[in-house]
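Peer 1: The residues making up each chain are set out below.
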Amino acid sequence: MHHVVLDQWSRRASPLHRRDPRSKIIPLLIFLVVLATAHRLLPAISAGLFAMLCTALLWARVPLADVLARACLVLPFTLVFAGVSWIAGDPARAEALVMKSYLSALAVLLVVSTTPMPLLLRGIELLGAPRFLLMVTQFLYRYLFVISEEAQHMRKAAVSRGGSFRAAAGALAVLFARSYKQAGEIHNAMLARGFQGRFRPLSAPHFHAADAAFLVCASSAPVILRIALERFV
Amino acid sequence: MAPVIEVHDLHYHYEDGTAALGGIDFQLAEGEAVALLGPNGSGKTTFALHLNGLLRGRGSVKVCGLEVNKENAVVIRRKIGLVFQDSDSQLFMPTVIDDVSFGPLNQGLDPREAAERALAALERVGMASAAGKAPYHLSAGEKKRVAIAGVLAMQPSILVLDEPTTFLDPPAQQALISVLGGLPQAKILITHDMPFAQALCTRAVFFEKGKIAGEGTVSELVERFGWNGNLRQ
Amino acid sequence: MAALRWHDSQNRDTLETKVHIPDGFLSTPVWAALDMAGAPAVAVIARRAQRTFDEGKVPLLGVMGAFVFAAQMINFPVGPGTSGHLVGGALLAYTLGPAAASVVLTAIVAIQALVFQDGGILALGANVLNMAVLGVLAGYLPYHFWGRTRARRAAIFAGGALSVLISAVMALSELLLSGVRMPGGVLGISVGLFAVSALAEGAITLAVIGALERIQPEFIRQPAAGRSYALGAVAIAAVLLVTGGVLLTSTSPDGIEKLGQARTLLSTPFSGYGIAGLGSGWLPKAGAGLLGLGLVYGVCLMIGRRR
Chain L
1 MHHVVLDQWS
11 RRASPLHRRD
21 PRSKIIPLLI
31 FLVVLATAHR
41 LLPAISAGLF
51 AMLCTALLWA
61 RVPLADVLAR
71 ACLVLPFTLV
81 FAGVSWIAGD
91 PARAEALVMK
101 SYLSALAVLL
111 VVSTTPMPLL
121 LRGIELLGAP
131 RFLLMVTQFL
141 YRYLFVISEE
151 AQHMRKAAVS
161 RGGSFRAAAG
171 ALAVLFARSY
181 KQAGEIHNAM
191 LARGFQGRFR
201 PLSAPHFHAA
211 DAAFLVCASS
221 APVILRIALE
231 RFV
Chain U
234 MAPVIEVHDL
244 HYHYEDGTAA
254 LGGIDFQLAE
264 GEAVALLGPN
274 GSGKTTFALH
284 LNGLLRGRGS
294 VKVCGLEVNK
304 ENAVVIRRKI
314 GLVFQDSDSQ
324 LFMPTVIDDV
334 SFGPLNQGLD
344 PREAAERALA
354 ALERVGMASA
364 AGKAPYHLSA
374 GEKKRVAIAG
384 VLAMQPSILV
394 LDEPTTFLDP
404 PAQQALISVL
414 GGLPQAKILI
424 THDMPFAQAL
434 CTRAVFFEKG
444 KIAGEGTVSE
454 LVERFGWNGN
464 LRQ
Chain G
467 MAALRWHDSQ
477 NRDTLETKVH
487 IPDGFLSTPV
497 WAALDMAGAP
507 AVAVIARRAQ
517 RTFDEGKVPL
527 LGVMGAFVFA
537 AQMINFPVGP
547 GTSGHLVGGA
557 LLAYTLGPAA
567 ASVVLTAIVA
577 IQALVFQDGG
587 ILALGANVLN
597 MAVLGVLAGY
607 LPYHFWGRTR
617 ARRAAIFAGG
627 ALSVLISAVM
637 ALSELLLSGV
647 RMPGGVLGIS
657 VGLFAVSALA
667 EGAITLAVIG
677 ALERIQPEFI
687 RQPAAGRSYA
697 LGAVAIAAVL
707 LVTGGVLLTS
717 TSPDGIEKLG
727 QARTLLSTPF
737 SGYGIAGLGS
747 GWLPKAGAGL
757 LGLGLVYGVC
767 LMIGRRR
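Chains as they are written, first to last, in the working numbering: chain L, 1 to 233; chain U, 234 to 466; chain G, 467 to 773.
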């Protein structure tokens with residue numbers, strides 16, 4: 001399953017894994033903005049940014065080829081639009097779509113494959129996102145596999161009942177009811193251990209000098225690359 | 234010595250009016266281990282949910298001398314810990330240590346103390362090495378032990394376990410028996426597993442259609458009700 | 467328009483119109499403006515949901531979000547050799563209420579982007595607005611107005627259809643506004659596909675609600691009583707007009723300039739430097755994008771932190 005692989009990568013050990021999530025999120029956003037706003041010399045800039053990402057991936061000790069392949073998930077959607085743009089006489093845009101969407105996906109993968117999801121969400125919360133929303137996302141992630149496994153069973157049952165529209169609707173209704181019931185059990189388990197309306201976090205990640213240094217370097221690298229290319233080429 | 238649990242004439246009806254519990258009288262002495270036996274749907278789990286106030290019926294339920302009601306709910310949930318049948322519903326936090334710390338954090342401990350308590354509880358059940366792991370990495374037996382640790386971390390006087398050996402293979406069952414055998418708390422074990430009940434419990438109570446139909450040792454009840462765990466002879 | 471499938475299925479074509487826009491498609495003014503609009507919207511909705519529910523409802527919303535993912539695996543035959551699946555915005559709105567449904571869908575959009583590389587990060591504002599805000603709203607409105615009348619089943623069908631249609635059309639419009647090429651024929655086919663998917667979602671939503679009513683009617687919320695047909699018609703017409711208007715404006719050749727002049731829907735203080743312009747001076751634009759994000763950040767801190 002996709003998210004299991006990602007989860008495994010995110011729990012490895014490397015200097016990049018050890019960085020505070022905030023020191024990875026902010027450079028990611030800057031990288032994405034630098035990429036999104038690039039128009040002139042896009043191929044050169046893309047090549048430079050690609051090299052940066054690959055270097056970081058190697059440093060992070062995650063399987064490079066696998067990550068590069070996984071970023072290709074963006075391509076089916078992108079290639080359709082790129083193809084249409086090409087045929088409509090705008091090859092530059094076609095290239096831009098492919099390069100930008102692939103590199104953006106790769107950059108996100110770099111962060112997600114070096115930061116376990118709960119820690120990433122906590123980092124996003126510390127940067128100001130609403131806590132309620134992030135807790136919902138955390139629980140969604142936790143139970144994604146659990147409910148999907150149940151859905152597998154339901155699917156087999158629906159298919160064995162003829163795979164009709166009605167059978168599928170019935171299967172979904174049962175899955176809904178089961179999910180709802182499990183949510184109730186989770187709530188009971190929370191209450192049984194003293195939950196009083198608010199989740200209390202166990203820890204906040206500490207921001208160290210190494211994190212600050214990384215943040216500065218990783219944020220400036222794409223900016224410097226782009227300025228350099230645009231000024232001197 | 235005063236009993237740690239005193240239930241007197243407990244009645245409970247479902248919303249549609251059917252009787253779930255029809256007048257239960259029950260006592261648990263300090264340090265005692267009692268098995269709740271009986272067919273599915275006979276009211277064992279419903280009864281257990283009254284002990285920490287997740288359900289409220291007619292009659293008197295006292296835990297450690299305190300009446301189980303809304304005002305006392307939080308205090309009572311520190312004294313009595315419930316381990317539910319479905320470990321996935323109980324381990325709802327992203328990692329083992331997050332989950333086991335949930336109870337202590339709700340009790341108002343600061344994060345450092347909560348983490349210490351959590352690790353101590355994990356040591357007790359032999360799962361300290363799994364502290365950083367995510368729940369889906371664990372086997373059924375490991376999840377069950379972590380769930381017990383989550384309850385132990387709150388330092389309760391009473392443990393209630395609902396069908397703890399379901400999904401466990403024989404080695405895991407043995408591990409569970411030795412863990413539970415080494416805990417000083419009073420215990421209520423809802424189970425269909427006769428060897429398990431016999432290994433841990435000095436007394437047993439037989440539920441039938443919402444009432445207690447008999448009391449005695451595990452082997453006495455097995456004989457009296459022809460009960461080999463799942464089939465009524 | 468295929469959303470990316472993360473699970474293998476049988477060998478059938480699957481109709482999918484969850485359009486999660488990746489990064490690299492939207493032009494800077496578009497994604498920046500939508501991030502600026504989307505983030506406060508999410509903050510307000512999240513706070514509202516939190517106030518109504520307290521954090522005890524977090525497991526329910528999280529688990530139902532997982533349900534929506536898992537529901538993708540159940541195939542509904544909608545035509546010869548074609549199957550569809552539930553997208554779920556309307557269903558969630560009818561069972562959890564629209565605010566909770568918005569929060570769940572926002573979480574879903576986030577997980578899709580982070581874990582499945584389906585949808586971009588800078589594009590989150592757009593995707594969240596399309597699916598979690600406008601899609602849910604469009605899905606819920608018919609039910610809100612007609613859910614207690616004899617037209618109830620029609621309302622549920624319409625809600626399901628509208629939630630998918632509106633999200634897809636908005637996404638398409640945003641792409642067109644950003645200058646993504648789409649010749650008329652392709653555009654027509656796309657809108658046609660959206661319409662078919664919308665009808666499928668309407669039918670699937672109705673069928674699932676029906677099945678839920680048979681097993682546990684309490685799952686489905688009752689809308690408040692005393693709604694007028696007229697008000698409902700007007701509200702839905704408004705939503706359709708706005709969406710249609712955006713689509714039309716974005717497809718007309720000088721639509722981009724018109725929009726720039728109008729400065730209504732998507733205008734920002736920074737659009738003065740030229741919405742259609744792809745010229746040099748990226749630093750101001752990037753700076754504008756970042757400044758916009760910074761403003762959003764500030765606003766959200768103010769909204770979200772007041773507990």
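The hints are simulated quantities; they were obtained by calculation from the structure and are not laboratory data. Be aware that one or more of the hints could be misleading.
Subject to a maximum C-alpha distance of 25 Å in a straight line, what follows is the list of computed SDA-like cross-link-like pairs (lysine to any residue) [said to hold, decoys possible]:
1. L:LYS181 <-> U:ALA373
2. L:LYS181 <-> U:GLY459
3. G:LYS523 <-> L:HIS187
4. U:LYS295 <-> U:ALA373
5. U:LYS312 <-> L:GLY184
6. L:LYS181 <-> U:HIS241
7. U:LYS295 <-> U:GLN318
8. U:LYS312 <-> U:LEU287
9. G:LYS523 <-> U:LEU288
10. L:LYS181 <-> L:LEU127
11. L:LYS156 <-> G:LYS523
12. U:LYS295 <-> U:ARG457
13. G:LYS523 <-> L:GLY184
14. U:LYS444 <-> U:GLY290
Note that the structure is a prediction, hence the values are computed from the model and not measured.
Peer 1: Quickly compare the C-alpha distance for U:LYS444 and U:GLY290 to 25 Å and report which way the hint goes.
Peer 2: holds, 14 Å
Peer 1: Going straight from one Cα to the other, do L:LYS181 and U:HIS241 come out at no more than 25 Å?
Peer 2: violated, 30 Å
Peer 1: Is L:LYS181 within 25 Å of L:LEU127, Cα to Cα?
Peer 2: Roughly 34 Å separates the two Cα atoms, so the pair is violated.
Peer 1: Does the alpha-carbon distance linking L:LYS181 and U:ALA373 stay inside the 25 Å limit?
Peer 2: Since the Cα atoms of L:LYS181 and U:ALA373 sit roughly 20 Å apart, the hinted pair holds (cutoff 25 Å).
Peer 1: Is G:LYS523 within 25 Å of L:GLY184, Cα to Cα?
Peer 2: holds, 9 Å
Peer 1: For the pair supplied as a hint, G:LYS523 and U:LEU288, is the alpha-carbon distance within the 25 Å limit?
Peer 2: holds, 18 Å
Peer 1: Please work out if U:LYS312 and L:GLY184 have their alpha carbons no farther apart than 25 Å.
Peer 2: Distance of about 22 Å is within 25 Å: holds.
Peer 1: Verify the proposed pairing of U:LYS295 with U:GLN318, using a straight-line Cα cut of 25 Å.
Peer 2: The hint holds at about 24 Å.
Peer 1: Under the criterion that the straight-line Cα-Cα distance not exceed 25 Å, is the pair U:LYS295, U:ALA373 satisfied?
Peer 2: The hint is violated at about 33 Å.
Peer 1: Would the hint linking L:LYS181 and U:GLY459 be met if the CA-CA limit is 25 Å?
Peer 2: violated, 33 Å
Peer 1: Straight-line Cα separation of G:LYS523 and L:HIS187 no greater than 25 Å?
Peer 2: OK: G:LYS523 and L:HIS187 at ~8 Å, within 25 Å.
Peer 1: U:LYS295 and U:ARG457 were given as a pair; does the straight-line alpha-carbon distance stay at or below 25 Å?
Peer 2: violated, 30 Å
Violated hints for the displayed structure, listed by number in ascending order: 2, 4, 6, 10, 11, 12.
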